[in-house]
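*Asks:* Each chain, written out:
There are 2 protein chains.
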Amino acid sequence: MNKVGIAAYGITPFTKEDKKIETVLFESAKNLFENNLNIQKDEIDAVLVSTNNNSKYLAPVLSETLEIQPKTAHSIENLCNSGTNSIVSAYSYIASGLADMVLVSGAERYDSPGQILEWDNSRGEFKHPIFWASIFTSSYKRKFSVTDEELAMVSVKNHKQAQNNPNALSKKMYSVQDVINSKKITKDIRLLDCSRSCTGSASIILASENIMKKITEQPIWISGIGQKTISAGFTKNESFYSMESTKTATHAALQMADKKIQDVDVAEVHDAFSVCEPMALEALGLSNPGKGSMLVKELYETNNLKINPRGGLIGCGHPLGATGIAQTIEITQQLQHNAKNRQVENANVGLVHNMSAAATSSTILVLEK
Amino acid sequence: MNKVGIAAYGITPFTKEDKKIETVLFESAKNLFENNLNIQKDEIDAVLVSTNNNSKYLAPVLSETLEIQPKTAHSIENLCNSGTNSIVSAYSYIASGLADMVLVSGAERYDSPGQILEWDNSRGEFKHPIFWASIFTSSYKRKFSVTDEELAMVSVKNHKQAQNNPNALSKKMYSVQDVINSKKITKDIRLLDCSRSCTGSASIILASENIMKKITEQPIWISGIGQKTISAGFTKNESFYSMESTKTATHAALQMADKKIQDVDVAEVHDAFSVCEPMALEALGLSNPGKGSMLVKELYETNNLKINPRGGLIGCGHPLGATGIAQTIEITQQLQHNAKNRQVENANVGLVHNMSAAATSSTILVLEK
Numbered sequence: 083m084n085k086v087g088i089a090a091y092g093i094t095p096f097t098k099e100d101k102k103i104e105t106v107l108f109e110s111a112k113n114l115f116e117n118n119l120n121i122q123k124d125e126i127d128a129v130l131v132s133t134n135n136n137s138k139y140l141a142p143v144l145s146e147t148l149e150i151q152p153k154t155a156h157s158i159e160n161l162c163n164s165g166t167n168s169i170v171s172a173y174s175y176i177a178s179g180l181a182d183m184v185l186v187s188g189a190e191r192y193d194s195p196g197q198i199l200e201w202d203n204s205r206g207e208f209k210h211p212i213f214w215a216s217i218f219t220s221s222y223k224r225k226f227s228v229t230d231e232e233l234a235m236v237s238v239k240n241h242k243q244a245q246n247n248p249n250a251l252s253k254k255m256y257s258v259q260d261v262i263n264s265k266k267i268t269k270d271i272r273l274l275d276c277s278r279s280c281t282g283s284a285s286i287i288l289a290s291e292n293i294m295k296k297i298t299e300q301p302i303w304i305s306g307i308g309q310k311t312i313s314a315g316f317t318k319n320e321s322f323y324s325m326e327s328t329k330t331a332t333h334a335a336l337q338m339a340d341k342k343i344q345d346v347d348v349a350e351v352h353d354a355f356s357v358c359e360p361m362a363l364e365a366l367g368l369s370n371p372g373k374g375s376m377l378v379k380e381l382y383e384t385n386n387l388k389i390n391p392r393g394g395l396i397g398c399g400h401p402l403g404a405t406g407i408a409q410t411i412e413i414t415q416q417l418q419h420n421a422k423n424r425q426v427e428n429a430n431v432g433l434v435h436n437m438s439a440a441a442t443s444s445t446i447l448v449l450e451k
Numbered sequence: 083m084n085k086v087g088i089a090a091y092g093i094t095p096f097t098k099e100d101k102k103i104e105t106v107l108f109e110s111a112k113n114l115f116e117n118n119l120n121i122q123k124d125e126i127d128a129v130l131v132s133t134n135n136n137s138k139y140l141a142p143v144l145s146e147t148l149e150i151q152p153k154t155a156h157s158i159e160n161l162c163n164s165g166t167n168s169i170v171s172a173y174s175y176i177a178s179g180l181a182d183m184v185l186v187s188g189a190e191r192y193d194s195p196g197q198i199l200e201w202d203n204s205r206g207e208f209k210h211p212i213f214w215a216s217i218f219t220s221s222y223k224r225k226f227s228v229t230d231e232e233l234a235m236v237s238v239k240n241h242k243q244a245q246n247n248p249n250a251l252s253k254k255m256y257s258v259q260d261v262i263n264s265k266k267i268t269k270d271i272r273l274l275d276c277s278r279s280c281t282g283s284a285s286i287i288l289a290s291e292n293i294m295k296k297i298t299e300q301p302i303w304i305s306g307i308g309q310k311t312i313s314a315g316f317t318k319n320e321s322f323y324s325m326e327s328t329k330t331a332t333h334a335a336l337q338m339a340d341k342k343i344q345d346v347d348v349a350e351v352h353d354a355f356s357v358c359e360p361m362a363l364e365a366l367g368l369s370n371p372g373k374g375s376m377l378v379k380e381l382y383e384t385n386n387l388k389i390n391p392r393g394g395l396i397g398c399g400h401p402l403g404a405t406g407i408a409q410t411i412e413i414t415q416q417l418q419h420n421a422k423n424r425q426v427e428n429a430n431v432g433l434v435h436n437m438s439a440a441a442t443s444s445t446i447l448v449l450e451k
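Residue numbers (our numbering), protein chains in the order written: chain A, 83 to 451; chain B, 83 to 451.
Chain A with its partners taken away, still in its complex shape (with noise of 0.2 Å):
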């Protein structure tokens, strides 16, 4: 099997403008290829796409506003992980033979469909994201005995790490009273404690081993997938208190790439609210059940930026099908050592959580220098 890595990326600024998802979408290969003059674009052989919005055949509308005429184009969507999903399938083409260089493009406008969650019934009427994350929030405090203010500090944390990040949505600092004050929208969800929807795209380029060394002198491999579907309501969760794909998903991953979770220095995990860090670090095996929000705690005080330094999806904004994308982007950029004031030391191990939908699917990469 072919080694794969990444190559080369490129991404916008996540903001909130009304853009044509065309537009947006070529931002981000244009920031790419503006920053990696050596990538020869007629050597690529498949482009991906991953959205939720409902435009089609973009996969071949970007390859044509690039000038390029890969052989294989097509759009990728599975909610918030259809980022990861083609990054995933990127790496198939290649280790399979089928291609040697994949353009993989993600992009989503604020208003991205993939917000409302149709298919799903068990909440009746109450069919956003906020709700699942609602009653996950309620499961999870009453099970572990956690606290508003506790889940709060995931706020907190990533919206202060964000400030190290230029593209990320959200420019200003909150204190735990600043989220416990902010709008009630649930129960127990507040608007603080929510990644916001957002306008904004990521591509990256995948390469075998042969065309990486033409490309870039500090190729990040990636060691590790895995991936784990349960379903795709929200009811059919073993518990609310926990992420059973993401378990699942990252044992795989881990396996694949030989490592233990204590290998791992620097991850981008997939907190679309407050409570989903605690949850993720839990399943990922970096904290014990019902103690991650001590973990986040921890690494607040002490400045130790090795969850989410980009700022995760709270603090970055989520446009659903660049966020996987853009979390491996951080990722590459820890290993190269390139992530400026956001940098975390030693980092040589490096992993992404990206889920959709309650966790009923997960996908994570292990990725290594």
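It is possible that part of the hints are untrue.
Note that the list lumps identical chains together, so a pair holds whenever it fits in one copy or between two copies.
To be verified - In silico DSSO-like pairs for lysine-lysine, Cα to Cα no more than 30 Å straight-line: (1) LYS318 to LYS102; (2) LYS295 to LYS85; (3) LYS253 to LYS379; (4) LYS422 to LYS85.
Note that these hints are calculated values from the structure, not bench results.
Starting from the structure of chain A, add chain B where the hints point.
*Replies:* Using the frame of chain A, we list chain B on its own:
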């Protein structure tokens, strides 16, 4: 690289029924599992859904409906060749070792949003595929001095062949005169020159060599894959009387399979409109330029079912996301000698041609026993 083949399939009738996409999708997968009771559902590693439908998270929805919990699940869209793009993706997952068994299910409703090419302004407000087909038809007729009657033979042949396909939308045969007398939609296209949008689904299981042995004694192997994307816009085509993306993809697929076009015993070609069948035959190398409609006439007169034995898109109907999969199922049945009264004699090597939007992109698959 792992060998990859087709282990099982299921299909629904193609109709004008008004059903939810989730129901349509489920029906062909149900048909597949009912006819293949020896498949261990919990060994399915990935579920890929091929569709242009705007519903999100359909692969987890289908998985839940089927009571399976795959690793990977996502939707794939590339207009009319979404189906073969999904098959190629499934191939790469297995060939790379990330999966051993993949379910690919394609479905569409008669009112698919993929029927309007919103992004392509080259014909102003005339964004339905009929308008590029009309320009292809006038251009092809002028270039090669072909008549409306000669092109009408495609529709006559494929409607006739569809009568042996219980799942086909068409239940009637037509004469050349019927086609010519049918409603004129543009200067060069009549109603019976068009494939019709419809509701239907098709599912297929791809498997590695190890899994294959447990499922079927008649494995059909994917020995060649070729894909090419020229553009998203009609006017970027090199000419309007030839399919350049099909030529490139055919060359690549035959090379990978180490076959010549003369080795192909049976082929499904993408006859979205009458003119597309001779153009495809010419791009494949089965006919010289401008001579495709003569080959169609010859096949019809000698009752040779070699091209589009199931009735093509014109006879079967064209549920966008299901079409490429239905084409692949037909070739599988032909190579297994299970095609009943559609059977082509001595069928050992088969080919699928599936394309999108005026052949701006094409996929070619070579299948073998």
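*Asks:* Each of the hints needs a verdict: does it hold here or not?
*Replies:* Hints versus structure:
1. Taking the closest pair of Cα atoms, LYS318 and LYS102 come within 30 Å of each other only across two copies (22 Å); inside a single copy the shortest separation is 36 Å, beyond that limit.
2. When the C-alpha separation of LYS295 and LYS85 is checked against a cutoff of 30 Å, the pair qualifies both within a copy, at 12 Å, and between copies, at 29 Å.
3. For the identical chains of this complex, LYS253 and LYS379 are intra-copy neighbours only, at 21 Å inside a copy versus 69 Å across copies, given an alpha-carbon limit of 30 Å.
4. Proximity of LYS422 and LYS85 under a CA criterion of 30 Å is satisfied intra-copy only: 28 Å inside one chain copy versus 45 Å between copies.
Checked against the numbered hints given earlier, this structure breaks none of them.
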